[in-house]
Structures are given as C-alpha cells and as structure tokens.
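Just so you know, the sequences run in chain order A and B.
Residues are numbered in the numbering used here as their position in the first sequence, beginning at 1, plus a constant of 261.
Residues are numbered in the numbering used here as their position in the second sequence, beginning at 1, plus a constant of 824.
Derived by calculation from the structure, the hints in this document are not laboratory data.
Because the structure is a prediction, the values reported are computed rather than measured.
Errors might be hidden in some of the hints.
Computed spacing ranges between beta-carbons, pair by pair [to be verified]: (1) A:P372 with B:P885: 40 to 46 Å; (2) A:N314 with B:K838: 52 to 58 Å; (3) B:L904 with A:N314: 45 to 51 Å; (4) B:E883 with A:Q306: 17 to 23 Å; (5) B:T844 with A:Q306: 22 to 28 Å; (6) A:R277 with B:S891: 46 to 52 Å; (7) B:T829 with A:T340: 25 to 31 Å; (8) A:S286 with B:R901: 36 to 42 Å.
For every residue, glycine included, the Cβ atom is placed at its ideal position computed from N, Cα and C.
Given next are the chains, with one letter for each unit.
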Amino acid sequence: DAKTTQPTSMDCAEGRAANLPCNHSTISGNEYVYWYRQIHSQGPQYIIHGLKNNETNEMASLIITEDRKSSTLILPHATLRDTAVYYCIVSRGGSQGNLIFGKGTKLSVKP
Amino acid sequence: NAGVTQTPKFRILKIGQSMTLQCAQDMNHNYMYWYRQDPGMGLKLIYYSVGAGITDKGEVPNGYNVSRSTTEDFPLRLELAAPSQTSVYFCASRSSDRDYTFGSGTRLTVV
Chain A
262 DAKTTQPTSM
272 DCAEGRAANL
282 PCNHSTISGN
292 EYVYWYRQIH
302 SQGPQYIIHG
312 LKNNETNEMA
322 SLIITEDRKS
332 STLILPHATL
342 RDTAVYYCIV
352 SRGGSQGNLI
362 FGKGTKLSVK
372 P
Chain B
825 NAGVTQTPKF
835 RILKIGQSMT
845 LQCAQDMNHN
855 YMYWYRQDPG
865 MGLKLIYYSV
875 GAGITDKGEV
885 PNGYNVSRST
895 TEDFPLRLEL
905 AAPSQTSVYF
915 CASRSSDRDY
925 TFGSGTRLTV
935 V
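Taking the hints into account, I'd like the entire structure generated from these sequences.
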C-alpha cells in the first residue's frame, strides 16, 4: 500500500473551511484515498473516500488532483466538534483493503 | 443495532498474565480487524480475518493470537503480557465494499 504524508497539526477558526492536505505520490491505479478521523480517544470514524473523481457527502468534500498524487479533505464549516486527528489512507479497498494508519493531522478548531 | 462491541473497556494486567479481549459485531460483516494504538501514534494492525475460520497477521502480530469461529466474534488473546503491550486496542469490522466500523476500544495497562 502506498504511503501518505500529512502535516502534523493545523488550526482552523470556527465557521471557516478546514482544508487538510495529503500527499500520496506513490499511489497505484487501483488504490483509493480514504479519510478517517479520531476524536479524542474514540475509535476512528469514516469520513469519505475516492478513486479519481472529487467526492462530497454530508460530512466533507474530497478533492483529488488529476495525477492522483495528492488530495485535500475539506470541512466546509468547521465546528469545535471537528477537533480531531484526521488520517489520510491509501488502500486497494475490497478484499485487499486493509487500512494502514500513519500519525495523521491534528486539527484544532478554535472559537 | 449495537455495531462493534468491545469488552472490557479497561484492564490492568500483571507481567506474565494472560487475557482475552472480546470483540463482537452484529452487522454480519465478513472482515474483522484488531489494531493497537500507542500514545501519540496512529493505529497499527495486529491481526485480521476475512471470514469465519480465516485469520492472517498484520503489521505487529508478535505476542498475540486470534481465532474466528463465528462471523460475529473475533477475540484477541494475550498469552504472556509484557509492558510493551500497554496500549489501547481497537476492533473493527466491515463488509467487502463498505467502510470500517470501529469499536470504542479497550485500554490495557501491563504492570
């Protein structure tokens, strides 16, 4: 599975968009980009995933560059409850889709 | 629908003792996983299972054993507890084309 690189930490003002970058320059053609988050000491929570096209759901948007070597998770209107560690993971999905977690980005949303 | 249930939530073990961490899911998911998370780090995969009777090693399997006799249950066994196994343990499950659902974790301290 391809490795990912994320900033260690980021701050965001409440109500503003949070843009979390991720580099995955060695991603293979059959690998997806997944985003999970972990609030405090809880189990990780699925946010969104994509292969090539940009994706949006009720939680976030995922923008993947055309060469697929990087992506950005966007939380459109960050709230204090979005303070968490965000993990960008590259995985083949399906029966081969084990998630390998890095250290993630600690996002702090401030009032 | 309880999702993924882990027991116990907390446990203190003495060096050399053994114990079993329980994990049960009621979503009829084929795939189940055990991760450990050390302070300030991402999750590391210990063992996983793609169905009843089938298990395989992850990144850090040494010191652990698993079994999968039913679809619902995936217990993790520590035979000779060591201080290095002090960690938070997360169980997760998924179906072949869906995202992961994580349990709330078991916090284990070995003294």
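Discussion item. Taking the Cβ atom of A:N314 and the Cβ atom of B:K838, is their distance within the range 52 to 58 Å?
Written reply: Once the Cβ atoms are compared, 53 Å apart, the range 52 to 58 Å for B:K838 and A:N314 holds.
Worksheet item: Between A:R277 and B:S891, does the beta-carbon spacing fit 46 to 52 Å?
Response: This hint holds: roughly 48 Å between Cβ atoms.
Worksheet item: At the C-beta level, are B:T829 and A:T340 separated by a distance inside 25 to 31 Å?
Response: Since B:T829 and A:T340 have Cβ atoms about 29 Å apart, the given range 25 to 31 Å holds.
Discussion item. Holds or violated: the 36 to 42 Å window for the beta-carbon distance between A:S286 and B:R901?
Written reply: Given a distance of about 39 Å, which is inside 36 to 42 Å, the answer is holds.
Worksheet item: At the C-beta level, are A:P372 and B:P885 separated by a distance inside 40 to 46 Å?
Response: Check passed, 44 Å falls within 40 to 46 Å.
Worksheet item: Is 45 to 51 Å a correct range for the gap between the Cβ atoms of B:L904 and A:N314?
Response: At 49 Å between Cβs, range holds.
Worksheet item: Falls inside 22 to 28 Å, the C-beta gap from B:T844 to A:Q306?
Response: holds, 26 Å
Worksheet item: Quick one: are B:E883 and A:Q306 within 17 to 23 Å, going by C-beta?
Response: This hint holds: roughly 21 Å between Cβ atoms.
Of the numbered hints given earlier, the model fails none.
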